[in-house]
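Residue numbers (numbering that gives the first Met the number 0), protein chains in the order written: chain A, 0 to 84; chain B, 0 to 147.
Fair warning: there could be bad hints in the mix.
[Unchecked claim] Incomplete in silico selection of chain A near chain B, CB under 8 Å:
#1 A8
#2 S9
#3 W44
#4 Q60
#5 M62
#6 G66
#7 A76
#8 F78
#9 T82
#10 G84
[What the hints assert, rightly or not] As a list, the in silico EDC-like pairs of lysine to aspartate or glutamate whose alpha-carbon atoms are at most 20 Å apart:
#11 K54(B) with E74(A)
#12 K64(A) with D8(B)
#13 K1(A) with E67(A)
#14 K1(A) with E22(A)
#15 K54(B) with E22(A)
Hints are computed from structural coordinates only; laboratory data are not their basis.
This one's a predicted model, so the numbers in the text were calculated from it and none came from an experiment.
We put the CB at the ideal spot given by N, CA and C, even for glycine.
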Amino acid sequence: MKVKVLFFASLREQLGTSGEEIELPAGVATVAALRSHLARRGGAWEGALAEKKNVRAAVNQDMAKPGEAIRTGDEIAFFPPVTGG
Amino acid sequence: MKISVQREDFDLSLETKLLSKSDGVGAVASFVGVVRDVRMTLEHYPGMTESALTKIAEEAATRWKVLDCTVIHRYGDLAPHDQIVLVAVASAHRGDAFAACEFIMDYLKTQAPFWKKEHRPEGAAWVEARASDDEAAGRWEPPARKAS
């Protein structure tokens with residue numbers, strides 16, 4: 000399935016990209032699985048998305064927990080904890 | 000309800016004057032966040048930001064008697080003393096207005112997708128989220144879960 004992935008703030012800078020369309024292999028069907036899938040690219044990806052890093056996610060512009068399911072066409076964003084206000 | 004995510008500055012007296020025209024209004028409580036002592040750039044997630052702020056304001060209106068409210072949050076480059084955020088709530092009585100205003104601000108700090116990057120003489124750095132902000136939001140009962 001194909002999804003759109005977005006990155007913001009420090010994550011965007013570490014990865015050197017604000018996002019991409021990505022074709023996912025079968026079995027990558029949750030936010031956590033997508034994060035691990037991207038981290039396996041190694042280098043900056045592994046560093047920025049490692050499990051110990053405090054990374055938040057949103058699915059279709061709604062805050063999402065790691066176990067949340069993702070579907071074809073979804074927009075999934077990864078970012079550090081927010082610091083507005 | 001007015002929700003705006005914008006580069007431009009805002010006018011507190013204009014916004015509260017608009018809210019004070021609400022039918023049955025007896026109180027308008029407002030909060031303005033100001034840049035403390037360092038230049039910064041505020042990044043946000045266009046689309047999600049507006050919907051997150053709308054949800055927070057709607058949640059406040061389910062908890063207190065809110066007649067109307069305004070949330071304005073700026074993004075882009077800001078300098079010390081610049082205004083960053085405005086939350087203003089109109090109610091019949093001050094208790095509802097004060098509480099809803101504080102609730103919206105506390106939730107905004109942990110739920111609205113904004114990120115601050117500070118520009119200090121020694122270099123630029125992203126601001127780290129503070130545990131005290133999570134604690135402030137946690138003081139309120141959790142939001143009612145939407146039936147799905």
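A quick look at each hint next to the structure:
With 8 Å as the threshold, the beta carbon of A8(A) comes within range of chain B, its nearest partner Cβ sitting at about 4 Å, so the hint holds. The interface hint given for S9(A) holds, since its Cβ lies 4 Å from the closest Cβ of chain B, which is under the 8 Å cut-off. Restraint check, W44(A) versus chain B: the minimum CB separation of about 18 Å is more than 8 Å; hint violated. A least Cβ separation of about 4 Å between Q60(A) and chain B falls short of the 8 Å threshold, and the interface hint therefore holds.
At its closest, the beta carbon of M62(A) sits 7 Å from a beta carbon of chain B; the interface hint therefore holds under the 8 Å criterion. About 15 Å separates the beta-carbon of G66(A) from the nearest beta-carbon of chain B, more than 8 Å, and the hint is not met. Against a cut-off of 8 Å between C-beta atoms, the interface hint on A76(A) holds, since the closest Cβ of chain B lies about 6 Å away. Annotation: interface hint on F78(A) holds; nearest CB of chain B at approximately 7 Å, less than 8 Å.
A distance limit of 8 Å between C-beta atoms decides the matter here; for T82(A) the minimum to chain B is near 4 Å, and the interface restraint holds. Annotation: G84(A) was flagged as interfacial toward chain B, and the flag holds, the nearest CB pair being 4 Å apart, inside 8 Å. Taken as a hint, the K54(B) and E74(A) pair is honoured in the structure, with Cα atoms around 19 Å apart against an allowance of 20 Å. Of the supplied pair hints, the one linking K64(A) and D8(B) is violated, its CA atoms being roughly 34 Å apart against a limit of 20 Å.
Note on K1(A) and E67(A): the hinted pairing holds, with a Cα-Cα distance of about 17 Å set against a maximum of 20 Å. Distance restraint check for K1(A) and E22(A): the Cα-Cα separation of roughly 4 Å lies within the 20 Å cut-off, and the hinted pair is therefore satisfied. Our distance criterion of 20 Å between C-alpha atoms is broken by K54(B) and E22(A), whose separation comes to about 31 Å.
Comparing the model with each numbered hint stated earlier shows that hints 3, 6, 12, 15 do not hold.
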